[in-house]
Structure formats: structure tokens, C-alpha cells
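J.: The primary structure of each chain is shown beneath.
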Amino acid sequence: MDPIREAMLKKSRSAKLEQRGKLISLLCISLIVIVVVAIFFFVASKGLATFFQNKINLWSFLSKSVWNPSIKDAHGNPEVGALPMIVGSFGVTFLSAIIATPFAVGAGIFMTEISRKWGQKILQPVIELLVGIPSVVYGFIGLSVIVPFIRHIFGGTGFGILAGTFVLFVMILPTVTSMTVDALKAVPRHYREASLALGATRWQTTYRVVLRAAIPGILTGIVFGMARAFGEALAVQMVIGNAALLPKNLVSPASTLTSVLTSGIGNTVMGSLDNNALWSLALLLLLMSLAFNLLIRWIGKKGELNK
Amino acid sequence: MNPKVADKIATTVLYIVSGIIIIILASLLGYILFQGLPHISWHFLTSPAQSFEAGGGIGIQLFNSFYLLLLAMLISTPISLGAGIYLSEYAKKNWLTDVIRTSIEILSSLPSVVVGLFGFLIFVLQFKFGFSILSGALALTVFNLPLLTRNVEDSLRGVEYEQREAGLALGLSRWETVLHVVIPEALPGIITGMILGAGRVFGEAAALIYTAGQSAPALDFTDWNPANIASPLNPFRPAETLAVHIWKINSEGIQPDAVAVSAGASAVLVLAVLLFNLGARYFGNRLFKKMTAS
Numbered sequence: 001m002d003p004i005r006e007a008m009l010k011k012s013r014s015a016k017l018e019q020r021g022k023l024i025s026l027l028c029i030s031l032i033v034i035v036v037v038a039i040f041f042f043v044a045s046k047g048l049a050t051f052f053q054n055k056i057n058l059w060s061f062l063s064k065s066v067w068n069p070s071i072k073d074a075h076g077n078p079e080v081g082a083l084p085m086i087v088g089s090f091g092v093t094f095l096s097a098i099i100a101t102p103f104a105v106g107a108g109i110f111m112t113e114i115s116r117k118w119g120q121k122i123l124q125p126v127i128e129l130l131v132g133i134p135s136v137v138y139g140f141i142g143l144s145v146i147v148p149f150i151r152h153i154f155g156g157t158g159f160g161i162l163a164g165t166f167v168l169f170v171m172i173l174p175t176v177t178s179m180t181v182d183a184l185k186a187v188p189r190h191y192r193e194a195s196l197a198l199g200a201t202r203w204q205t206t207y208r209v210v211l212r213a214a215i216p217g218i219l220t221g222i223v224f225g226m227a228r229a230f231g232e233a234l235a236v237q238m239v240i241g242n243a244a245l246l247p248k249n250l251v252s253p254a255s256t257l258t259s260v261l262t263s264g265i266g267n268t269v270m271g272s273l274d275n276n277a278l279w280s281l282a283l284l285l286l287l288m289s290l291a292f293n294l295l296i297r298w299i300g301k302k303g304e305l306n307k
Numbered sequence: 001m002n003p004k005v006a007d008k009i010a011t012t013v014l015y016i017v018s019g020i021i022i023i024i025l026a027s028l029l030g031y032i033l034f035q036g037l038p039h040i041s042w043h044f045l046t047s048p049a050q051s052f053e054a055g056g057g058i059g060i061q062l063f064n065s066f067y068l069l070l071l072a073m074l075i076s077t078p079i080s081l082g083a084g085i086y087l088s089e090y091a092k093k094n095w096l097t098d099v100i101r102t103s104i105e106i107l108s109s110l111p112s113v114v115v116g117l118f119g120f121l122i123f124v125l126q127f128k129f130g131f132s133i134l135s136g137a138l139a140l141t142v143f144n145l146p147l148l149t150r151n152v153e154d155s156l157r158g159v160e161y162e163q164r165e166a167g168l169a170l171g172l173s174r175w176e177t178v179l180h181v182v183i184p185e186a187l188p189g190i191i192t193g194m195i196l197g198a199g200r201v202f203g204e205a206a207a208l209i210y211t212a213g214q215s216a217p218a219l220d221f222t223d224w225n226p227a228n229i230a231s232p233l234n235p236f237r238p239a240e241t242l243a244v245h246i247w248k249i250n251s252e253g254i255q256p257d258a259v260a261v262s263a264g265a266s267a268v269l270v271l272a273v274l275l276f277n278l279g280a281r282y283f284g285n286r287l288f289k290k291m292t293a294s
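Protein sequences appear in the order of chains A and B. Residue 295 in full-length UniProt numbering sits at position 295 of the first sequence, with consecutive numbering throughout. Residue 210 in full-length UniProt numbering sits at position 210 of the second sequence, with consecutive numbering throughout.
Extracted from the complex, chain B is given alone in its bound form:
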């Protein structure tokens, strides 16, 4: 074949392939939004779910998702910061660091269902937390830690070495240099990574089915004492999240309006994740502008 003709054909094929990918995404988003958005109302977002009748909402699941996300991020942020600092500032090039890096790699490639089963075994049964928000948050921490750690490490490594030298030359210890010089400069990257991680955690379900549980007991939104069982803040109550709810009603639900509810819930979930992604970019850029001269 004439090379020029082959070039034309190949280019056309590549245009078609790229077009198909865009059509797939467009139809995915279109389907979710067109099916889901009409079903979203204030009533849908705030009322509790129904097991047997139509007209249930996702109020409790939505709250659970956000609360679980908050707890998981509260636990995993400091740990990933510490681990990231160790890897970028203290780790020497030796077998120990190799072992650490390998285990982070392995942890990040573990299927989330295995993480969920591990959480079930350790947090739910061994530590006797039961199916609870706390078990779920710890499982999500395990799931999220390797990616957050890698993000912190990369952000810290992006900071020029001169900055550290300047800090050290002023007589600061390495730890103080990291805390007061390196981290502030790396903050935009770290925060962007944290928000993206939050989006991933928000949609995660497989790690939660056997840790945070599949039931959403009624909550009393006037009672904010964490020790009471009906209080929304109680970390020891079972908490079905939005993502788990979608899975549950589709695989074992018997509500007559299961399709409508899951379409609505999917739309909410996708919109939330989109907001997280856009928010990550927006905050990252703003912070970067605010903290640097550019």
C-alpha cells in the first residue's frame, strides 16, 4: 500500500477511536443525568430510605457518606503526611526503603474487596467495633493511605532543594524546615491530592459492605451527642453509604421504584465526585496563586 494512503487511513481510524471514547463518556453521563436528575428533589435528598414501598429518599445515606468521608480523611491525612515526609526527607537509599516502597505499591494495587474483608476481620470482629462508621473509616483509611502518601511524597519532592538548604542555613532542624518551609510550598499539590482522594473514597463501596454495614438505622437529627445510639454523630452505629445503597437496592432490593431511586442516587454520586474533581483543580490553582508570586 502507498504509505501516504496508509497514513490517511490510520489517521481516520484514530479519529474514529477517539470519537467513540468521547461518545461513550457522553452517553454515560447523559444517561445518568437524564435518568437521575428528574428524580432528585429536596424530599429525595432528605427523607429516609424505604425498604418495601416507593417514595424513599437517600437522606441518611447521604449524611453517612459525608460523615464517613470526614472521619476517614481525619484519620488518613496525618498518617499520610507523616509517611510522605519520611519517604521524601528521611528515607535513605537502602533495602529498608525498598521494602517500604514495595509494600506501599502492593497496598495500592490490592482489590478494594480484599481491603474490605481485612477490615471485616480486624476492625469488625477482632477489635469488636461491629458494623460501624469507625470500622468503615478505618477500612477506607487502609484503602486510601498508599495513594495519599504517594501524593504527599511527590508534592514534597517537587519543592526545590534550595528551599531546604535555605531553611537549614538559618539554623532550623530538618523537621522544622519541612514543617515551616517545605510543606507550605507543597500545600497546593497536597490539598489537590487530598480532594481527589476524597472523591475516590466518596464513591467506594466494596470496602464498606462488610465494614460500615448495609443498614441505615433511623437517625434523630436533633440529637448531636455522639454517645447516643440514634445520634448522627455516633461512630459506632452501622452506616450504609450512598454507593453501598445503590449496590444494595440493585442486587437485593425489592422497592417498586428501585430503578428510579438508584438512578437518582447515581446522579447525586456522580455530581458529588465531579464537584470534588473540579474543586480540587480550583482550590489547587487558587492556593498556588495565593502562596506564590505567580
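Isolated chain A (complex conformation):
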């Protein structure tokens, strides 16, 4: 064949490079997708074994309140009731979100509406620093300050949902605040101008106009914070007391899904019912994080429609 024609029909060096580059980047991204699928597959296959292999009833798993997988009850059924952990997890999550929300929204309004200068200079770095502090450090402070404090005031051991709530409150505060700030900043300037031009005070403008417009963003921030609180393991495990009992009040030792997982997985034999039951808790955790994700998407969609 004509050498020129051959050279024209062959792929150029650049085209080959391009193909190789695209392939490399595609491989990297598929790796991430494969990891996600693998996480779900492996955790689900382990977690479902409790129900299919060990024949535990799903409903009794979710609703019974005695967690003692290695001991059988009067009917010869192992006692795997995850209710105490579920109550504990939801308890600390909701309580910490309820406390954190007013602080986060307040700080957000301060940073965007009242004093941008001080917000930028002081609050912004403060919040960035709070994000950076590792969770074990929060746990350690909870253990050495908050738990004795609660013990001093309410009596008892001091460990419990209240201590966990305080630790989580500080942990999720920066997340919720920074997302609230983003949501408030995204409200167009002319909304504020229109309201002020009508003679509204700054607070009326903030409360009646800016906050209403920013609600989807603020809600997303709160749900993000809740997802973080729900999945936080070590800081909570250090202060909650780790007793797999249904909490009677806020200052009695309790446990969460994550705390039981961190303290339990190492002490059980792979493939035994104790171990499978723990994996079911992990699966529950995974599904809840998925649910939070869906909730965030739903809020995002709703927020878009309103605009």
C-alpha cells in the first residue's frame, strides 16, 4: 500500500494517547463505583445472614428490646432485639440536631445578615477549626468534661444519651452552620432590598423573607448534620455507656448502632450468630445513611420546584 495513505489511515500518536488517557480516567471512576457496589453487596450479604441463615424474624429483630445474641430465651430463640440501639441512635441524632439547629441558624444569620465582616473574620475560621478537630478528641473531652459534669448535676454515672447528645451537638454544629450560611448567601440580594424598601426592619426582612427563601438549603444542612451524627462511632461510644438496654432516661447508660459495632465486632467469631447480628446492625446503618441521602435529594428537588 502507498506509505502516505497508510500513514493517513493509522491512528496518530495523539489519538492513541487520548484513548489511553480516557481509558485510565474511566478505570479510576469505575473503581469508585465498584467499591460502592461491593460495600453494599458484602455488608448486605453478611447482614442478611441473620435472617436467612439463623432464621431470625425481621420484626422481632427490630422490635424486641433484649440484646444478648449468645444466650437463648425460654423458647430456645436467641435474644437479638436491636430496639435499644435503634432508640439510642435516633435519640442522640434527633436531640443533637434539635439543639444544633437554632445555634447554626443563628450563627448563619449573624454571618450573612448582621455582620459580614465579623462573620468572615471570626466565626468562619472558628467553624472551620471545629470541623477539623478529630472525633476521638471530641470523645475524650466528652469523657473528661461532659460526663463528670452530668454526673455532678444529675447523679448516676454520667454516661448516657445526654452526654452523647452534647458531644454530637458540637460535632455537627459546623456542618449545619456552613450549609446554612451557603443557603442564606444564595438568597438573591434584591429579595432583601425589596423588603427593606417596603419599610421592614432588618429582623423582619430576615425572618419573613430571607429565612423562608433559604429553607430548603437549611433543611439540607440539618439532614446532613443528622446523617453525620447517626454514623458517628467513636466519640459517641466513649460517652454513651455502652449498655444495650432500652434507655429509661437521658442519663442512664445506653448504646447506639455504631457503639455496639465498634465494641462488638472484634469480640465475636466470624459467621456466628453474634457476629451476623452485628452485621445486620451495620446493614441497618448503611440503609439509614442511604435514607438520609434520599431525603436530601428529595428536599433539593422540592426546593427547586418552589423557585
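Worth flagging that the hints you see were computed from the coordinates, not collected in a lab. Please read these numbers as outputs of a predicted model, since none were measured by experiment. Glycine is no exception: its CB is placed at the ideal position from the N, C-alpha and C atoms. Don't take every hint at face value.
With a Cα cut of at most 27 Å, we get these calculated DSS-like pairs of lysine-lysine [what the hints assert, rightly or not]: (1) A:Lys-11 <-> B:Lys-92; (2) B:Lys-93 <-> A:Lys-302; (3) A:Lys-185 <-> B:Lys-4; (4) A:Lys-16 <-> B:Lys-93; (5) A:Lys-301 <-> B:Lys-93; (6) B:Lys-290 <-> A:Lys-185; (7) A:Lys-72 <-> A:Lys-248; (8) A:Lys-22 <-> A:Lys-10; (9) A:Lys-22 <-> B:Lys-92; (10) A:Lys-302 <-> B:Lys-290; (11) A:Lys-121 <-> B:Lys-93; (12) A:Lys-121 <-> B:Lys-290; (13) A:Lys-185 <-> A:Lys-301; (14) A:Lys-301 <-> B:Lys-92; (15) A:Lys-121 <-> B:Lys-92; (16) B:Lys-4 <-> A:Lys-117; (17) A:Lys-185 <-> A:Lys-121; (18) B:Lys-93 <-> A:Lys-22; (19) A:Lys-248 <-> A:Lys-64; (20) A:Lys-72 <-> A:Lys-55; (21) A:Lys-16 <-> B:Lys-92; (22) A:Lys-185 <-> A:Lys-117; (23) A:Lys-117 <-> B:Lys-8; (24) A:Lys-22 <-> A:Lys-11; (25) B:Lys-289 <-> A:Lys-117; (26) A:Lys-185 <-> A:Lys-302.
Cβ pair distances, simulated, as ranges [said to hold, decoys possible]: (27) B:Pro-184 <-> A:Ser-14: 15 to 25 Å; (28) A:Leu-9 <-> B:Leu-70: 43 to 53 Å; (29) B:Met-1 <-> A:Leu-196: 15 to 25 Å; (30) A:Ala-194 <-> B:Leu-278: 36 to 46 Å; (31) B:Asp-154 <-> A:Ile-24: 18 to 28 Å.
Could you slot chain B onto chain A? The hints should help.
T.: For chain B alone, coordinates are given in the frame of chain A:
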């Protein structure tokens, strides 16, 4: 109520709320530093930990943390670069890209304890790496990948489209344009994100308890052959990091000076993370100044 009075009250309340947040942070940092700093000494930073007696240090844990961080970043940086390039340069608007984005979102919102358990199942048991630095580094990679990828993608997207057109007009392929034109310009952002990611990895513990293990065997710091079991560089030895150490001595430790040790270790950890954050800003700004005309 008079709107003006309401405005005054609301403003005061907001000042108080912001003040409380600042007081919380100040007392947190103050507590950690005042409790921890007096305990930090050269001996504390370099000597091995004690299980039953007072006077233990955090030398091995500190080294483990840095080594693990290095390995984790070595594995996750190239992968996140490739993935970020795909998302910003090649991804089309179709269902496949939607699936990819959703899975990255899900991965980034997974609790770190679930990532740790996955690492335990796959790297420790399935691949038979055991409780080792390598398992820990891989688990941290899983934990860190989505955030790094998003950071790379955002940095690349921040580059003007004209830059790409200029590269393409010179006859470069898209891949070459990305490599030689887009990435250099996005580098400050990418590096800032990497350092922030490193800070997050440095303080992570939940993903490591069941992957890198909770024990720190004695190391021989004169032996730098990675194949020897006592060598600090051996990636197949169990390695308790600083963050795991704090958790361990607080939840099951029996040292008489556990509180002092964990205060000191917390101070070191917080200072390290602060350094990472400040370093990220400093390097980002310097690089940006060096590489652009501003």
C-alpha cells in the same frame, strides 16, 4: 410588639448565639492545649507506649499515623485525579454519569465505621492482609476518595474553557490538554484539597480500628528494610495510629496516667490537624501566586 424593639431583641439574641459558639471553640481548644501541652516533651513524642505503667509515650503511634497517611495519599491521589478528570472532562450528561455521581455521593456520606467494617471484611479477611498498615491505607482510601474526587473535579471545572480551546487549537489531544494546560492551572486548588483531606485522614480512627489494628508492636528504627517484620516501613505489620490510641486508652486502657497521655496525644493530634489546615491555605496561596500573574 414594636417592630423596632423586635429587631433589637433579635439582633442581641443573634450576637449571644454567635458568642456562645466562639466560647465553645475557645474552651475546647483551651482545654485541649492547657491539659495537653504540659505533658508534651521530647520523651513523650519519641518513646513507645506503656500498657500497664505510667510514663508511656506515643512515638510509634505518631510514626504510624504519618506512615499510614503517606501510603493512603499515595494510593488515593492518582485514583482521585483520574476520576476527577473523567467527571470534569469526559463525562457526558447521561444516566451513566448520574449513576457515577450518585455513587460518589453515597460513598461520601457513608459512616466511617461502615467503611472500616468493609475494609475488615475485604482487605483483612478476604485479601488476607491481616491487621496491617496496608489494609488501613486501603480503608482510608475508600473513605477519602469521594471527597478528593469532588475536589479535583471542582478545581478542574474552575479553569476557563478558553484554556482548553487554546490547547485543542494547538493540535493537542484532549488528554494532553488536560495534562499540560488544565491541571497546572488547577493545581493550587487540587493541592489545597489534598492537604485538607490529609488532615481529615490523620484524625480518622473509626475506619482504622478493624483494619490497621489496635496494637503497636515494637519497631526497630535502625532497620529500614520493608521486608523485615520489625522495620518501621513494613506495610504488613499492625499499626495503631495516634487517634486509635486515644480511643483505646480511654475505652479499655488501664495505664495509671491514661488521662494525661490522652490529653497529650489529643493536643498533638489537634496541633497536627491545625498545621494541615494552615499549611493548605499557605501552600495554596503561594502556588497560586507563583503560577499566575496575580
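J.: Quick one: which hint numbers does this structure break? Sort them smallest to largest.
T.: Numbers 6, 10, 11, 15, in rising order.
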